[in-house]
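Enquirer: Grab the two chains, each in its own frame, and use the hints to assemble them into the complex.
Protein chains in written order, with this note's numbering: chain R, 796 to 1441; chain E, 80 to 237.
The hints are simulated quantities; they were obtained by calculation from the structure and are not laboratory data.
By construction, the Cβ of each residue, glycine as well, lies at the ideal position given by its N, Cα and C atoms.
Treat the hints with caution; some may be incorrect.
[Stated by the list, open to error] The calculated EDC-like cross-link candidates involving lysine to aspartate or glutamate, where the alpha carbons are at most 16 Å apart (straight line), are:
| hint | chain 1 | residue 1 | chain 2 | residue 2 |
| --- | --- | --- | --- | --- |
| 1 | R | 1076 | E | 178 |
| 2 | E | 117 | R | 1373 |
| 3 | E | 117 | R | 1374 |
| 4 | E | 136 | R | 1119 |
| 5 | E | 117 | R | 1119 |
[As the list claims (entries may be wrong)] Part of the chain E face toward chain R, derived, beta carbon under 10 Å:
| hint | residue |
| --- | --- |
| 6 | 96 |
| 7 | 98 |
| 8 | 126 |
| 9 | 161 |
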Amino acid sequence: MPAGLPYFAWIDASETTFGPEHMRWDEAVFSFTLSQEEGDPASLTAVVRRPVNVAGDAIGLLGPGRKIWAWFALDCGPGLVKFRGRLVGIPTSIFEELVTLEFVARPVDVVAQKEALANTLRVLPYYDEAVIDPQRRNDPDVVLEGYTAIWHYDRETHVVTVSDEILGEDGLVEFDGASEDGKVLYDGLGLTLSSGPLARVDVSAEYTWTQQARGSVDLTDYLVSQWPAGWTPGTIIFSASDWPKRGAGLGDGWEVVDASAEDQYSFEVSSRSGGSTNTVKYAGEEAHTTTFTETVSGLSTPSPIPVASFLGVISDEIKVGYAEDGDGNRYQSSYSRNVSRGSTLIVQQEIKATLVAGYEAARQCTERVSFSLFADVQPILTDPEDGEAMRIDDIRSVNLTEGGMIGDPRRRSYIATERGNQSLEHLIAYARAHLMKRARAVQIAFAPKLSRMVEVSLRKNVFLVEPRVGEALGKIVGYSITLDGSDGRVNCEVRIGCTIGRGGSAVASGGEPLYCSIDYAGPDYQQFTGRTVLFDASVGYAPPDAQPNDDGINFLGPIAVGDVIEVPLVVTVGPDEDDPTGQPPWPDSITETDAEARAEWIKQFMNQFKIKATFKLKSMTRDFSTDYEIEVTDVQIPVGIDLEAA
Amino acid sequence: MAGLEVVVRPVIFPDIRPRARQSLPPQDDPDKGFAVIKGQPAQGVGISYSMSISSSKAHQQETERRVDVVRVYQEEEDGTINKQNYVDMEVANRITTTEPGPEGAAPRAPGDPSTPWNQVSEIEKKAYYKKYEEWEEEEKRKMKLLEQDKIIKAKKGG
Chain R
796 MPAGLPYFAW IDASETTFGP EHMRWDEAVF SFTLSQEEGD PASLTAVVRR PVNVAGDAIG
856 LLGPGRKIWA WFALDCGPGL VKFRGRLVGI PTSIFEELVT LEFVARPVDV VAQKEALANT
916 LRVLPYYDEA VIDPQRRNDP DVVLEGYTAI WHYDRETHVV TVSDEILGED GLVEFDGASE
976 DGKVLYDGLG LTLSSGPLAR VDVSAEYTWT QQARGSVDLT DYLVSQWPAG WTPGTIIFSA
1036 SDWPKRGAGL GDGWEVVDAS AEDQYSFEVS SRSGGSTNTV KYAGEEAHTT TFTETVSGLS
1096 TPSPIPVASF LGVISDEIKV GYAEDGDGNR YQSSYSRNVS RGSTLIVQQE IKATLVAGYE
1156 AARQCTERVS FSLFADVQPI LTDPEDGEAM RIDDIRSVNL TEGGMIGDPR RRSYIATERG
1216 NQSLEHLIAY ARAHLMKRAR AVQIAFAPKL SRMVEVSLRK NVFLVEPRVG EALGKIVGYS
1276 ITLDGSDGRV NCEVRIGCTI GRGGSAVASG GEPLYCSIDY AGPDYQQFTG RTVLFDASVG
1336 YAPPDAQPND DGINFLGPIA VGDVIEVPLV VTVGPDEDDP TGQPPWPDSI TETDAEARAE
1396 WIKQFMNQFK IKATFKLKSM TRDFSTDYEI EVTDVQIPVG IDLEAA
Chain E
80 MAGLEVVVRP VIFPDIRPRA RQSLPPQDDP DKGFAVIKGQ PAQGVGISYS MSISSSKAHQ
140 QETERRVDVV RVYQEEEDGT INKQNYVDME VANRITTTEP GPEGAAPRAP GDPSTPWNQV
200 SEIEKKAYYK KYEEWEEEEK RKMKLLEQDK IIKAKKGG
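With the rest of the complex left out, here is chain E (with noise of 0.2 Å):
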């Protein structure tokens, strides 16, 4: 019979197993896994002092002075002007200097006024005083304006 039916009975057959890992558990490596916590908590800081000082002195020389020539009389007590007592005086409204520029810089061109100032060897200044007219009328009662706007030269090296 059995050559003619299937064998019913129980055959336990080797694969009813769940299959095996196919491999190997990996073992824990000593030297590895390791937290690694690195940084570099110091900085450079770059800090910095300057200081600045800086000094010029100006050597101004006079080369021109416009004066107005007044003769000024003798003034009495009682208030009287005695007009043969006098003195002559140039009063001087305006004053032209000159001081060095800076070194090295080139004179200033003939004719040509759009030289900056101070890119010129030699600068002029000029100041400017009361002219006999814009005197006090009170002034002016002791004295007589002999010559208005008389120019005088200054002399080189004086």
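This is chain R alone, in the form it adopts within the complex (with noise of 0.2 Å):
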């Protein structure tokens, strides 16, 4: 068959594959133009005599029953360009002699193949979920955001892949303008520059995780070391009545969680008594009796030293009684004295004690990390270090720690981590893939001979040497092959996207090893200085140490007291700030309302001997923020044209 003869062949749905049968002509076909963007299913434009049935009636191509799905054959010499397509639509100019038909070679499970597709570009670091909100990470479309990659349709077989929008993964096609097909043509050769390129990506983003942690702390030592200690050793002087009780806060996060008090002292009272009675007789009568009596209470051993006492009210009550005898002389007949006396000890209590304080964190943990990286680009327009820039600024993450991104929750951490590494090459490769997409600045349209047409497609890089342009090496990004019915003439283009690197790559170093030889740890053990690694041949990255911005506390190994001691303990004995101030005078006089004031000058003497003890445990609540400067290599792109040889 001649080349530029085309075919056209109604076909069921599921005649996926063409066949010599398809090389018809269901309907006669007056021009056409078959053609495929970047990112887009390849379209067809037919315009094409207006169908009619056997009786010369026009007939509906959207009728039912009809078929709608059409193979399209172009013989370009070598071989067939073929597109097999979906009629989509309404015809055009459906009165006239010629109708449009428009067909596209869309999938009809484009959303299935793209959602299986995604499934498997979801890998680090091109894909990060921690910072995809989990109600997107279904969406196909998103997990492209860091490949230098779009969506390609096979306007054949329908299938859906990626393809790299700078290196094609099909080949190369060359046009070595020498040989008779290697020549394009001298009309249709265009050179058009985009925006031009990006300069440089200001990259920010926040990761953010709920630091959590449980243990306990025994702060025993700690506490008793620094109190007043009692005359006991291992003894304070406390009450274990006042000593915090299990559950008892003790801060932000803190609480009690094992405690225990022991008095050392009773402060029983016990009391004895004594006495004795002394009769005379005087002939087989008592005459004369003598009784006495006392008792005397006092603390029950052990006890300790009193610090203060004080003499309560005094009662002594003397009685004497008379009589008169037979001889009417008045004489003593009883005499008695009662005598009670009542002081007030002040006494302090000591205890054993033991405290262990529990800490439950929860913690909001933040990593900002921040980086521009640049891109190797000729100057297009002016100095690229003056050139556009784009800034990345709102990117955060989900809860790491609810995501489980950041592995054990008690990180101080995250991006220092090897998980952390990957969110921070993603932000890498997201950038890169802004710079290398913009990068692509110069767009070059030629129009090769039909017979090439058949190795065209968007998964392949044409390499053009022309004249006029020079090299020029860049990805196919459009196509289109145009039949024009009213001079037969078939029109061919190809345009192609060159990027306008310098070509290089970026180099890897090793660093020096802050605390031992590689040899003696491995690579992945220490922290280094000057080290860079590779995110792929075009940038490398140094990546961060750990250098946390919280409060110290590592809930990753033991935990001492000194370290979650924010504010040290202070003992304070004496009055509290809201107990009256000065010491009312002393009641001298033994009256029973002095018994009430003496009460009351007692009750304010020993706030003297109050304790109060003050510390601050670090929070378990409070959140740290941590900003990392990340040092980034230049993002070497490729050289597809070279402008400054132009």
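Expert: Right under this line is the structure:
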């Protein structure tokens, strides 16, 4: 068959393989345009003679029962350019002799195919679900943000793939400018510049997680060593009833998980009584009787040495009775004296105590990562340093604890972990993708011969040698084949996008280990200075060392008291702030009302023995934020076209 | 074509990112979060001392004496009784005394023995001794009972 002859066959949707039986003319194609743009399915616009039935009457193209799928093929000489598409839209100019049909090679299962493909692309570091809203993670288009790739729809098989926007996967189509097929037509050559490459991408991202940990710290020794000591070794002056109990709060995220306090003294008062009775009898009768009784109370042992004592109200009552004897003489017939005296001893309790503080940390940690990624591109408008910059500052993570990305939620740093480095690489990939895509600033359109169109697809690159252009290497971003029925000419066009980089590649650097030789501990054990890890051949970065701007608690290791004390223990002895100031005068006179006055006096006096201990444990609920400025290399971009040479 | 087909070129929507937290993180207040342990180890313990001493002295007054009047003869060295030589003696077998009651107590109402003894102004006590018939026969051999249970009232002020 002669080159340039188009075939058109209405088919069933199941006829997915082109065969000789499809090389027919179900419609008389007057003209057509077959084209495909990067990221879109191929389309075919065919102008055909208006279909008629056997009676010669026009028939509806969209009528029930009519086939809407079609195979289109164009004989290019060496082979056929084939297209399988579905009729879309309403034919235009339907009442004319020629009607325009529009077909698209869009898979019917495009969503399913993209989802299946997206599942294979959800790999770190190109896709980092840590920075994707969980509600959007099923969106297949989201997976490509870290790739320099775009969806590709095969115009024949309708298989959906992704294709790199810089380097096509299916090889190179060469136009050497010398061979007969390697030449392009003089007309149709064009070079356009896009808005210009991106010179820099400024990235800042936030990674947040809830640092979670629970445990306990024994504060006993710390408290006892700095507390006023009791007489007995190991005791402190305090009362067991005032010692914190289990469950009592000790600060933000802290509470008592275990505590004990044992009073060393009971302060029980015991009393002993004694006395005697002396009776003198005369003539068998009691003539003279003397009775003495005494009761003394005091502290039961063991008891501390009182720090003060105060005499209470004294009662001393003497009674003398008189009578007359038989001679009428008055004599002292009885005598009695009752003495009672109360005293108040001021004693201090001592306790043996323990106290274990438990913590349950829930601390919001944020790491702000920022870097500026520069593209090593040729100056197209001005110096790249002054060129257009993009700011990406809306990247924030989910809660890495809830998402599980943090691994061990006790960690103080995320970005310095292996997973964190992958998140960092994702940022680099994201920024790199922007730079790479925008570095494809030169678009060259040319008209190859029809015979070469069989080779053209959007998954390939083109190497073009043309005297007016020189040499150019670019990714095919679009093509079209057009037959104008009015003159019968077939016009071919291929457009390629050429990057304007300088070539080169990033260089890795082992850096200097800070602890020991790499041979001794391996490359992943210690921190380095000047280390550069390659993301790929185009860009590298210095993995950050963990330098959390927090309070220094490392929940991954044993925690000592010194690790959690923020404000050291201060023990004060004396009245509280709300206690009355000054001591009232001591009531001297012995009256009943003075008993109350004395009690009040003693009550205030005892205020000077009050003990107040304050300390502050590091908060288990506060938030921390750490900034990391990441060192990255410039992005090395391939040379698609050397503008400086041109 | 773009007007008829969905543009499938990837579009990164701004809302793919997790939402930022609604509020700024609270700063750690240096004045808050302190653990405070306070208490009063001192305690006032009341102790007491009491002493009582009392003495009483009785001044008894004899008011009545009941006596056995006996005659005691001389006993010779050979044991015989010489009834010519004798003395008459009053041997008390009951002595009634009184002493003052508690100061201010009322006199016992006449014929009212129900008043407690220690609530009357005058306390009566009686002391009993052996009566003549209870004496040893050896003793009574030298004696003669002249009058039994003779009552002798004491004179006031005597």
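Enquirer: Are the hints correct? Go through all of them and say.
Expert: Now the hints, each set against the structure:
1. For a cut-off of 16 Å, the pair hint linking residue 1076 of chain R to residue 178 of chain E stands: about 14 Å separates their Cα positions.
2. Taking the CA atoms of residue 117 of chain E and residue 1373 of chain R, the gap is near 13 Å; set against the 16 Å cutoff, the hint holds.
3. As the CA atoms of residue 117 of chain E and residue 1374 of chain R are separated by approximately 13 Å, the hinted pair is consistent with the 16 Å bound.
4. A C-alpha spacing of about 12 Å is found between residue 136 of chain E and residue 1119 of chain R, which places the hinted pair at or below 16 Å, so the restraint holds.
5. Among the hinted pairs, residue 117 of chain E with residue 1119 of chain R is inconsistent with the structure: their alpha-carbon atoms are about 68 Å apart, more than 16 Å.
6. At a threshold of 10 Å, the smallest CB-CB gap from residue 96 of chain E to chain R is about 6 Å, leaving the interface hint in force.
7. About 7 Å separates the beta-carbon of residue 98 of chain E from the nearest beta-carbon of chain R, less than 10 Å, and the hint is met.
8. Using the Cβ-Cβ criterion of 10 Å, the hint placing residue 126 of chain E at the interface with chain R is satisfied: the shortest such distance is roughly 5 Å.
9. Interface restraint check for residue 161 of chain E: the shortest CB-CB distance to chain R comes to about 35 Å, outside 10 Å, so the restraint is violated.
Comparing the model with each numbered hint stated earlier shows that hints 5 and 9 do not hold.
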